[in-house]
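Q: Construct the entire structure; sequences and hints are all you get.
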Amino acid sequence: MSRIEQARARAGAAKRALAVGSAVAFAVTLLLARAAHPGHAAHAQTTSSAVTSTESDDGGSVTVVPQVSTHVS
2 MSRIEQARAR AGAAKRALAV GSAVAFAVTL LLARAAHPGH AAHAQTTSSA
52 VTSTESDDGG SVTVVPQVST HVS
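Residue numbers (my numbering): 2 to 74.
Treat the hints as calculated values from the structure; they're not laboratory data.
Cβ coordinates follow ideal geometry from the N, Cα and C atoms, glycine included.
Accuracy of the hints is not assured; some may be wrong.
As the list claims (entries may be wrong) - Computed Cβ-Cβ distance ranges for the label pairs, DEER-style: (1) Q7 to T30: 18 to 24 Å; (2) A10 to L32: 31 to 37 Å; (3) A8 to V29: 39 to 45 Å; (4) H38 to S3: 50 to 56 Å.
A: As structure tokens, then:
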């Protein structure tokens, strides 16, 4: 085997090792990204009380402000 053939063999082995390493790094990155971001939005749960108004004794009206809370899970 000549020096040129040996160099080509080493270059081929290096290219294969680089390709395998790149594929493994890509797969690991893909799995880490999927674990960190599951890919679905959290569903918000909103609860509120009804707005009611009543007439006070002095003829004015009293309005109750709704209490709204949002919970994201």
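Q: Failing hints, ascending?
A: Violated hints: 1 and 3; rest satisfied.
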